[in-house]
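Quick note, the sequences are listed as chains A and B, same order.
So in my numbering, spot 506 of the first sequence is number 506, and the numbers just go up one at a time.
So in my numbering, spot 392 of the second sequence is number 1392, and the numbers just go up one at a time.
Mixed in with the good hints there might be a few duds.
[Claimed, not checked] Computed cross-link-like contacts, EDC-like style, restricted to lysine to aspartate or glutamate with a CA-CA straight-line distance of at most 16 Å: (1) A/K30 / B/D1187; (2) B/K1264 / B/E1529; (3) A/K166 / A/D128; (4) A/K262 / A/E537; (5) B/K1353 / A/E537; (6) A/K354 / B/D1128; (7) B/K1196 / A/D34.
Just so you know, the hints here were simulated from the structure itself, not pulled from any lab data.
2 protein chains.
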Amino acid sequence: MEKAPKLQSTSKHLPGSGQGRSRVVIENVKPEIDCGRFAAKRTVGESMTVEADIFADGHDALSARLLYRKEGISRWTEILLQPLPNDRWRGAFDVTELGDYYYTVQAWVDRFESWRQALAKKADAGQDVALELAAGALIVEAAAQQASDEDQKSLKRFAAMLRENKPAAIQSGLDDQLAALMEQYPDRRWAVTYEKELRLNVERAKARFSTWYEIFPRSCATTPGQHGTFRDCKERLPYIAEMGFDVLYLPPIHPIGQSYRKGKNNALSAADSDVGSPWAIGNKQGGHKAIHRQLGTLADFKDLITAAKQLDIEIALDIAFQCTPDHPYVTEHPEWFRKRADGSIQYAENPPKKYQDIYPLDFESERWEELWNELKSVILFWCEQGVRIFRVDNPHTKAFPFWEWVIGEVKRTHPDALFLAEAFTRPKVMYRLAKLGFSQSYTYFTWRNTQSEITQYFTELTQTEVSDFFRANLWPNTPDILTEYLQFGGRPAFMARLVLAATLGANYGIYGPAFELCENIPREPGGEEYLNSEKYEIKHWDLQKSESLREFIARVNHIRRQNRALQSDRSLRFYPIDNPELIVFSKSTEDLNNIIVVVVNLDPHHTQSGWLELPAEELGLDPKQPFQVHDLLTDARYLWHGTRNYVELNPQSAPAQIFRVRPRIRREQDFDYFM
Amino acid sequence: MEKAPKLQSTSKHLPGSGQGRSRVVIENVKPEIDCGRFAAKRTVGESMTVEADIFADGHDALSARLLYRKEGISRWTEILLQPLPNDRWRGAFDVTELGDYYYTVQAWVDRFESWRQALAKKADAGQDVALELAAGALIVEAAAQQASDEDQKSLKRFAAMLRENKPAAIQSGLDDQLAALMEQYPDRRWAVTYEKELRLNVERAKARFSTWYEIFPRSCATTPGQHGTFRDCKERLPYIAEMGFDVLYLPPIHPIGQSYRKGKNNALSAADSDVGSPWAIGNKQGGHKAIHRQLGTLADFKDLITAAKQLDIEIALDIAFQCTPDHPYVTEHPEWFRKRADGSIQYAENPPKKYQDIYPLDFESERWEELWNELKSVILFWCEQGVRIFRVDNPHTKAFPFWEWVIGEVKRTHPDALFLAEAFTRPKVMYRLAKLGFSQSYTYFTWRNTQSEITQYFTELTQTEVSDFFRANLWPNTPDILTEYLQFGGRPAFMARLVLAATLGANYGIYGPAFELCENIPREPGGEEYLNSEKYEIKHWDLQKSESLREFIARVNHIRRQNRALQSDRSLRFYPIDNPELIVFSKSTEDLNNIIVVVVNLDPHHTQSGWLELPAEELGLDPKQPFQVHDLLTDARYLWHGTRNYVELNPQSAPAQIFRVRPRIRREQDFDYFM
């Protein structure tokens, strides 16, 4: 037969020169968000686990490695992947720096290991392995060619032993030292590298673990009726720090518009004394880069940042990209707004409702590039003042491509910047925003009250691919949302929701002091707006009220800080309990050194009890040994036995228990314990 | 403010000129196999349904279209996508030609529809809509610019009516005719097209619906002990056709090697009279393009093809790419085989087992391109003789890239060629082969016996993404596999497995006559090999045995041909029944004109009964009306009421029922029916 012509093919997956011999398949790499269109997310100090399906035809042994590199570095670091059942392989690396990493997977048929396994089986069966030993010598000699001086000598020594074909040669072939050496010099001529370099975005730890408190600075004055200032805020800081919060989020601090200003309780017309909504941004004094005069100066604001920092609190600002008719943009850049047929600027509306105090920006403007650059400059301006956390108002009503671009741009110069998406909208829209780059996202937690609702939702958030791009930030209330559960459940409802938020979510926040003071009167029955909402007026809160939850909150936040298990959502697991009014879940560190089991009575009115079931082995417990659970809220300790245990919670005294599980350690004193 | 500089960005997803205004997101397009790396599959005459998540910021109305085109045609055909709940959209097109199609999705913010919805709401609320009407006129006039003469006139007329701002103008704006016209001329300046053109491979209907029968031609002689020929096979055709099979699959028909030939019952040494295994391919007379002399000539073979065709039967050949030591390749192309250290060719082994009669081809050979081309020429050779169906032996022991290439190559000249993958191996390997291009695949059906096993496996095959690339072909037995269930279940077991294979799978096959004659003696207890397996000897089957299932099989295959529901797997649904020894499932056509409900008693030894539950509405039944179920196996008819009905099956008489569901049609004669 004559030499066959070169292969022809119409497929774009035609094997190129030599590639026909690359027999390994790599598929189903995880994490991989939308086919690699978006980055997976981790925080500094976390581990990044990567899995892939890897296999080849036949039964040869394979080797597989996880490759990763920090952006800007071209050299890959390699990690061995370990085989799991069903052709799945897994490996992990620690992320230590802010910014983007890239990762991919490489695998190849491992001729040496295939040979070694066959040798072992044949030798065990007493077969003549002379030819096998000679074949092995060839493989080892080829590796020696690639090896450094020292290793080369060792490999050549092994090859020589294999060639001697003595009984000892088999032992040499199976020697672990030889295997370890050969692993250093694999034959990767026909290695397959996964076709994509996947991106991993690494943010600072606060993206994963943060405790938010929202206040209106204008309500911080010590004298009732006075307009609060940044200085008043500064005075409030110790109160906030004592409760254990580390992010203080302020609604917009910019000049407030006069045109169509809303009055108290969102009245269509405002009295002269009405202060307006902070989200109605812009007047003659300025827009998104200016400070509302009554709050103080830029210097006062920076002073607040500094003072907060001393208490380990970061100031988060609100980014609400919308304008009142009085905003300087309206006159300077009318082209950034949509026009009505008469040339006037289109106000916001949700027909038939009209919001004439708000002009939305037009992301379809012909001058969209100028608009984008200006909005970017707003965020950068506040970065320059020292702000690094932004809570973005209604991002789902601005164009998605803008967010991807602007977050990327800001992070290029400020990789420590964090963005929280306040998007209470449809699920796919919320997820898209997270993929586009938001560090954290508001969630439906606010309205998930029952055992099954919570279990289903948080299983989706933490146990599916969602956990790779969406970081939940749980809010039991906001200035816009006083839920029915809080309206009718009294103080126990506030306690239960606080514990749920603080333990289901490594990131959570409350709108205070309304929350700790258990403010629960809605503007109208069936609605979720607060009566006399702080959005439209200055409030004076009595922080010293005896029913305040401030100490309870402090306790819960202290527990969060002390227990690493609560500082991440990845380990969240729900457990069965025979009463649907109770919910049981755990979080634990990977090493199981810190295991927290939380039980919450979801019924704020009645004592509820039930038998819960813990998966002892998953939690590293010996199911035949008793173990201690230590309620970190009350400091009570209980001895539990086996997987099934009884709990009873009276919502009036304690609607929740946060147990630290303390497995028994076998030692002499154990004996005393039972005496 | 000065004109802002152009955008800068480090992201590869930077919006290009104008793209910043493209606000729509298209994601999660289905089907999309491995991020578009592989084609989805359909057959000629089927409908292709495509879904995607489509949404934008805010609340504007969207329009979305499915675009598709046949390979080689650059113009897209467009289909309107319809919105489903939760931002999901769906559309479908019919495939009519063999070969590749491409499809993608396009969507945009629909300004006209957004305007129309807002107009309706504002008009309903009695608001002044003068400015809205003027804005609408502008939108309609812009569309008119794009429109053909006739439509342009109509659109201009509508625009003029809107400009009149009379009460009638609102009605004009909401006129469906205007909406239909506007749909013709959408403003797609900022339309978003999904970033991939996804591939759809269309094969002929037999890829979806086929009924296979496997025989050894050498066992077809009418005189016991004689070596059967293709002419004997031809005589057997009416018997096969009467049973209703349309694919006759022959094990390899090539010269059989002498070296290390296996004797009866796989004995290590063969007697002179032993005929050897047909899968031991190649001797001095030739290899994969030659015919085993005792079977006849190439002309005889082609004659068999022609005769079969007249009975609507296609001949399928076995592609087993392996050689005996006597195969011409061994001397002509020793470079296509792996060498041992002494220069001899490496035989197959699974240490410590040796298969010295088989030399595997070395897909890592330096001459791999020549090898690939030669193997391709083997398939093309048989295509040229008129064969279009290939059952590929152990494809999972040959390099995956080879299969993708060779199937693509063969289909380029023979788009009607079909390939069945005989890969009884790990799940991911089986799925990969299907993705690479195999038309059909053997499955684990062979060993799935219980209600839960069958339900779980076939739900995975038919109700997940697997159904888009993997077409099951169900075999209750093969020459290699006599299952325990068949060994111990007697004739009822054969009947139950036949009905399961023939109704769960639009593609199924049996190895006969062993199957219809209920041959059930294994070579050794606990094994799955047949005693005196036809693989190693010539058998003479008594086709007239009274216990033969030939008539039962004929009946089942007749039912398959008469009922379109059974000719596809996509509609398979399992239903609850309160006895785990019974299984109930349905298949139906999309229009529900043909609904088949199958009940099988999985226990071949005892009568089993139970209450099953049908989802009346899903099946288009009125739950308040009785309906008829007609057992197509026995012709018995039953009147069922509501969703819960009783069944009882005695395996000795009938281990299965295949009901055609006949919903009541309300008419005069109904009355008579109950009299």
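- Item | Structure versus earlier hints, numbers of those that do not hold, lowest first | 1 and 5
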